[in-house]
Amino acid sequence: MKREEIEAIVKNFLIEEFEVDEKLITHEALLKEDLGIDSLDFIDIVVIVERNLGFKIKPEEMTDVRNFRQFCDYMESKAGNQ
Amino acid sequence: MNRRVAITGMGIYSCIGKNIEDVKTSLYAGRSGIGIDPERTKYGYRSPLTGIVDPPVIIRSMLDRRLRIGLAESGEYAYMATVEALKNAGMDADYLADNEAGIIYGNDSSAKAVVDTHIIMEERKDTMLLGSEAVFRSMNSTVTMNLSTIFKLRGINMTVSAACASSSHAIGLGCIFIRQGLQDIVLCGGAQETNKYSMASFDALRTFSVRTDNPGKASRPFDAGRDGLVPSGGAASLILEDYEHAVKRGATIYAEITGYGFSSNGMQISQPSYQGCAIAMERALKDAGASAADIDYVNAHATSTPQGDMFEAMALNKVFGASRPFISSTKSMTGHECWMAGASEIVYSTLMMQNSFIAPNINFDHPDEYSQKLNIASETKETDINMFLSNSFGFGGTNSALVVKKPER
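Residue numbers (our numbering), protein chains in the order written: chain A, 1 to 82; chain B, 1 to 409.
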């Protein structure tokens with residue numbers, strides 16, 4: 001899966017599922033502070049990713065993930081392992 | 001301290017109307033909200049009869065995602081009823097930010113959320129695929145944990161699970177908190193889910209009516225031809241408030257709750273008891289400082305089961321045999337709203353008291369030997385009500401009765 005595809009999918013579920021304002025989503029946007037994604041939302045991201053992309057991610061592997069770009073990096077690494 | 005308790009807000013979402021005004025019209029007209037749910041037959045129910053409650057559509061503009069996704073069906077009903085209750089109590093978000101309010105709500109199941117969780121676990125074998133909302137939807141306290149978060153309530157916060165008397169006890173406990181000066185405002189109520197999972201185990205007891213040829217005639221409390229109850233649901237919310245607090249802020253006082261009585265039968269788990277019912281009523285009257293003769297109307301628990309109605313009729317005759325107030329069971333129209341019934345029937349009876357009528361016990365065509373001794377209103381009666389008593393009884397022999405009177409002008 002190409003990087004652009006991953007970014008588009010992540011952006012789409014942030015907008016559609018988490019009701020994040022599209023204008024706020026930049027590469028450096030902080031997931032918690034800027035986009036309002038809280039610890040409970042990370043539980044839901046696991047479900048959404050599994051449903052849409054068919055692989056499982058783990059919140060405990062995302063402890064260093066702070067912004068949109070880092071999250072997409074993590075997603076890219078997980079997708080690459082499939 | 002023994003402060004007085006006012007009702008300063010009411011909201012309802014039920015099979016006979018989705019707001020106070022529509023419900024009042026239905027009550028006066030004696031309109032039944034009962035229908036057939038074909039899904040129940042396919043699922044394996046003995047009876048497909050149920051109150052038909054349209055699920056509310058709670059959209060993004062009403063609640064943001066985090067506040068919305070934790071609501072199970074019962075919570076959605078309770079949210080709608082509470083929005084109405086707070087509105088007519090004159091309490092907006094700013095008011096609740098400045099004033100501490102509690103919540104005590106009756107609820108005794110969240111079956112669909114539990115089943116949904118089970119299905120995912122059986123299929124996927126991974127709790128991480130349940131999502132964050134599963135736990136907040138599936139616990140018995142789902143209504144209070146969600147509403148307290150949505151409305152930012154900072155006082156007492158708990159659910160009462162007491163079968164079909166849940167929300168009557170919730171109101172009784174709300175009164176105690178206010179009377180004792182522990183709270184000035186408590187949101188009380190009851191919610192009942194109506195999905196096909198919620199009532200299957202109840203259907204197993206063969207206590208539901210199977211009179212499917214004419215659903216509107218199926219629920220017939222006290223009638224000799226009754227063959228069982230019809231389950232129903234929705235939610236009812238009441239704003240209970242210290243009377244003086246309400247007067248001081250210029251609130252409209254719809255009614256005053258003056259008595260709460262309770263008892264437990266201490267018998268077989270599903271066996272009603274006329275002694276237990278009578279003790280709860282007598283205790284409520286005593287608590288209200290009232291006599292049986294002061295009661296103008298009794299909203300009976302009567303669900304339309306052969307045994308339950310018989311025992312309640314015996315108890316009503318014991319307590320009210322001399323004074324013979326009007327009696328009706330609004331379950332003849334609504335079906336049995338179970339965990340919600342105690343609260344909804346306070347809303348129904350208060351609406352009658354405000355508008356000087358008694359809603360009919362529809363389908364009361366032929367009394368039996370017990371109900372013939374009672375003054376049952378089989379048609380709408382135009383009459384003043386100054387004080388009423390409302391009964392709620394539940395499995396395990398839990399009984400609750402509330403006495404409510406017209407506010408002083």
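FYI, nobody ran anything at the bench for these hints, they're computed from the structure.
Beta carbons are placed, not taken as given, at the ideal position from N, Cα and C, and that holds for glycine.
Treat the hints loosely; a few may be bogus.
Stated by the list, open to error - Just a few of them, taken from the derived set where beta-carbon distance is under 7 angstroms, the chain B residues facing chain A:
1. Arg65
2. Met128
3. Leu129
4. Gly131
5. Ser132
As the list claims (entries may be wrong) - Listed next, the in silico DSBU-like pairs over lysine-lysine satisfying Cα-Cα at most 30 angstroms (straight line):
6. A:Lys58 <-> B:Lys125
7. B:Lys217 <-> B:Lys248
8. A:Lys56 <-> B:Lys42
9. B:Lys152 <-> A:Lys32
10. A:Lys2 <-> A:Lys56
11. A:Lys11 <-> B:Lys286
12. B:Lys42 <-> A:Lys58
13. B:Lys125 <-> A:Lys78
14. B:Lys248 <-> B:Lys42
15. B:Lys286 <-> B:Lys248
16. A:Lys56 <-> B:Lys112
17. A:Lys32 <-> A:Lys58
Evaluated hints:
Because the smallest distance between the Cβ of B:Arg65 and any Cβ of chain A comes to about 5 angstroms, under 7 angstroms, the interface hint for this residue holds. With its C-beta approaching chain A no nearer than about 5 angstroms, B:Met128 sits inside the 7 angstroms limit, and its interface hint holds. The interface hint given for B:Leu129 is met, as the beta carbon of that residue sits about 6 angstroms from the closest beta carbon of chain A, less than 7 angstroms. Of the supplied interface hints, the one on B:Gly131 holds, with its beta-carbon coming within about 5 angstroms of a beta-carbon of chain A, less than 7 angstroms.
About 4 angstroms separates the beta-carbon of B:Ser132 from the nearest beta-carbon of chain A, less than 7 angstroms, and the hint is met. Restraint check for A:Lys58 and B:Lys125: satisfied, since their Cα atoms lie roughly 16 angstroms apart, inside the 30 angstroms limit. Restraint check: the Cα-Cα separation between B:Lys217 and B:Lys248 comes to about 47 angstroms, which exceeds 30 angstroms; the hinted pair is violated. A hinted pair counts as satisfied when its Cα atoms are at most 30 angstroms apart, and A:Lys56 with B:Lys42 does not qualify at roughly 36 angstroms.
Distance hint between B:Lys152 and A:Lys32 is fulfilled; the C-alpha atoms sit about 22 angstroms from each other, no more than 30 angstroms. Only pairs whose Cα atoms come within 30 angstroms are accepted, and A:Lys2 paired with A:Lys56 is accepted, the gap being roughly 18 angstroms. Proposed proximity of A:Lys11 and B:Lys286 is contradicted: the alpha carbons are some 64 angstroms apart, above 30 angstroms. Taken as a hint, the B:Lys42 and A:Lys58 pair is broken in the structure, with Cα atoms around 39 angstroms apart against an allowance of 30 angstroms.
In summary, the hint linking B:Lys125 to A:Lys78 is supported, as the alpha carbons are separated by about 21 angstroms, within the 30 angstroms threshold. With a CA separation close to 55 angstroms, the supplied pair B:Lys248 and B:Lys42 exceeds the 30 angstroms bound. Straight-line distance between C-alpha atoms of B:Lys286 and B:Lys248 comes to about 28 angstroms, which keeps the hinted pair within the 30 angstroms bound. Annotation: proposed proximity of A:Lys56 to B:Lys112 holds, straight-line Cα distance about 26 angstroms (limit 30 angstroms).
For a cut-off of 30 angstroms, the pair hint linking A:Lys32 to A:Lys58 stands: about 17 angstroms separates their Cα positions.
When held up to the earlier numbered hints, the structure conflicts with 7, 8, 11, 12, 14 and fits the remainder.
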